[in-house]
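Just so you know, the sequences run in chain order P and C.
Mapping to our numbering: the first sequence position 61 is 61, numbers consecutive.
Mapping to our numbering: the second sequence position 85 is 85, numbers consecutive.
Simulated from the structure, these hints should not be mistaken for lab results.
It is possible that part of the hints are untrue.
As the list claims (entries may be wrong) - Pairs of lysine to aspartate or glutamate residues, derived as EDC-like cross-links and limited to a Cα-Cα distance of at most 16 Å, are as follows:
hint : chain 1 : residue 1 : chain 2 : residue 2
1    : C       : Lys120    : C       : Glu180
2    : C       : Lys120    : C       : Glu133
3    : C       : Lys110    : C       : Asp147
4    : C       : Lys132    : C       : Asp111
5    : C       : Lys66     : C       : Glu44
6    : P       : Lys82     : C       : Glu44
7    : C       : Lys110    : C       : Asp83
8    : C       : Lys120    : P       : Asp50
9    : C       : Lys66     : P       : Asp50
10   : C       : Lys120    : C       : Glu143
11   : C       : Lys132    : P       : Asp50
12   : C       : Lys110    : C       : Glu143
Since we're looking at a predicted model, the values are computed, not measured.
The residues making up each chain are set out below.
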Amino acid sequence: MKFETTELRYKRLPAKAPLQRGRAAVWQARLVLLVMINLAQLWILSAAVDAALGHEFRHLLGLVIASGVCWLISLSIFFWWKPVGSRQSGSA
Amino acid sequence: MSSDLSNAINNVLSDEQDVRSATAAYQAEFPYERDEEAQVTRREFCNFLVLTSTALFVGAAGFSAKAAIDARSEHTLPPMPIDGAAELQPGSALNFHYPGDETAILLRAKDGSYSAFGQKCTHLSCPVHYAKERDRLECPCHEGGFDARTGAVLYGPPPRPLDKIDIQTRNGQIYAVGREVRGSEV
Numbered sequence: 001m002k003f004e005t006t007e008l009r010y011k012r013l014p015a016k017a018p019l020q021r022g023r024a025a026v027w028q029a030r031l032v033l034l035v036m037i038n039l040a041q042l043w044i045l046s047a048a049v050d051a052a053l054g055h056e057f058r059h060l061l062g063l064v065i066a067s068g069v070c071w072l073i074s075l076s077i078f079f080w081w082k083p084v085g086s087r088q089s090g091s092a
Numbered sequence: 001m002s003s004d005l006s007n008a009i010n011n012v013l014s015d016e017q018d019v020r021s022a023t024a025a026y027q028a029e030f031p032y033e034r035d036e037e038a039q040v041t042r043r044e045f046c047n048f049l050v051l052t053s054t055a056l057f058v059g060a061a062g063f064s065a066k067a068a069i070d071a072r073s074e075h076t077l078p079p080m081p082i083d084g085a086a087e088l089q090p091g092s093a094l095n096f097h098y099p100g101d102e103t104a105i106l107l108r109a110k111d112g113s114y115s116a117f118g119q120k121c122t123h124l125s126c127p128v129h130y131a132k133e134r135d136r137l138e139c140p141c142h143e144g145g146f147d148a149r150t151g152a153v154l155y156g157p158p159p160r161p162l163d164k165i166d167i168q169t170r171n172g173q174i175y176a177v178g179r180e181v182r183g184s185e186v
């Protein structure tokens, strides 16, 4: 008896359209980027709390600017870096 | 009819039309309730992450602004008598509030001299207490220690000394007359 691997089983299935797979990859990449930005912002917030409690105010402005840059990047990813929609892909 | 049409339009427009249906072979072979698994779509999670990012930015900016404004505002504090300070035994401590609801701690050394500090640990604002047997102020949260005479950091994570409460003796009564926030250079 021959065992069928998961990979072979997938090959038997009707392949998804390349465009659909590409869109899924872009969605995945957006999510990963946003998660990383969130982690960076969490670190920045904890550093800001630490600096404020230690009265080291010279660090605060830089940390707030860094958090703002992260926020702008996440906004740009959210609003402008989108997968190509079905309508655009149909006409392309 | 119209609902069929709107469903069809949604299917065409949606980037995630197969999120809540079994698409892979192993999903078809193990037919369990997939609604539970796919309650959050990628789009919803994306929205949540952007909102979180906004909240973190607003939090960092707001916290920093408040800390900076509080540090810059210089206000003279009214003198306040500390009740029970005159009866305090040498080698013991007394809690009081100054200014307003801010908690503070008054210490009387064995030689009879007084010193007072803000009770909030400079690490993460836990209340410090006087450890009589070791003659120092200790923070129970993260094991920080402060000198009972000066409020300077002896050990642990606190980045700066305790806030110093200025005290004066007027007609045999102990008064708190000011509060000094000290930086890490002290």
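Results for each hint:
| no. | hint | in the structure |
| --- | --- | --- |
| 1 | Lys120/C with Glu180/C | holds, 13 Å |
| 2 | Lys120/C with Glu133/C | violated, 21 Å |
| 3 | Lys110/C with Asp147/C | holds, 14 Å |
| 4 | Lys132/C with Asp111/C | holds, 14 Å |
| 5 | Lys66/C with Glu44/C | violated, 33 Å |
| 6 | Lys82/P with Glu44/C | holds, 14 Å |
| 7 | Lys110/C with Asp83/C | violated, 20 Å |
| 8 | Lys120/C with Asp50/P | holds, 15 Å |
| 9 | Lys66/C with Asp50/P | holds, 14 Å |
| 10 | Lys120/C with Glu143/C | holds, 13 Å |
| 11 | Lys132/C with Asp50/P | violated, 29 Å |
| 12 | Lys110/C with Glu143/C | violated, 24 Å |
The earlier numbered hints that this structure contradicts are 2, 5, 7, 11, 12.
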